[in-house]
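Modelling step: build the complete structure from the supplied sequences, incorporating the hints.
Mapped onto full-length UniProt numbering, the consecutive letters of the sequence shown carry residue numbers 1 to 112.
FYI, nobody ran anything at the bench for these hints, they're computed from the structure. Some clues are possibly wrong.
[Stated by the list, open to error] In silico lysine-lysine, DSSO-like type, Cα no more than 30 Å apart, as pairs:
hint, residue 1, residue 2
1, K93, K62
2, K40, K63
3, K40, K62
4, K93, K40
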Amino acid sequence: MALPVHLQETAEWASQTFELRIPGHVSYETLQQLLAERLKTLINTDFQQFVFLLYRIDVSEKKVQAIISEANAAQAEPYNDIAALIIERQLQKIATRAHFRQQPPEDDEEKW
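Spelled out as structure tokens, the structure:
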């Protein structure tokens with residue numbers, strides 16, 4: 001997988017949000033694995049906190065439900081897929097903010 005431009009910022013965000021220890025330069029796969037392990041613990045010990053974090057992160061509830069349904073049907077664990085969904089959502093948010101971030105005007109005039 002190609003290295004997303006904002007992966008390091010996403011890793012820092014995940015470290016703070018999910019209380020993870022993440023190495024300085026992390027690959028997408030490593031970040032996904034670390035986050036999946038944390039999600040497994042969170043889902044099994046504090047499901048309410050898990051749901052709260054998904055809401056706060058603004059992850060699609062329908063997508064999460066679909067991942068969980070597919071995992072249940074296949075008798076697999078959904079943690080890696082949910083972690084990927086969270087990472088992708090955070091990368092989207094960071095990219096959107098960067099795109100719409102405006103430089104301050106050079107003088108007091110508003111520029112169109």
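Worksheet item: Which of the listed hints are broken here?
Response: Of the numbered hints given earlier, the structure breaks none, since each of them holds.
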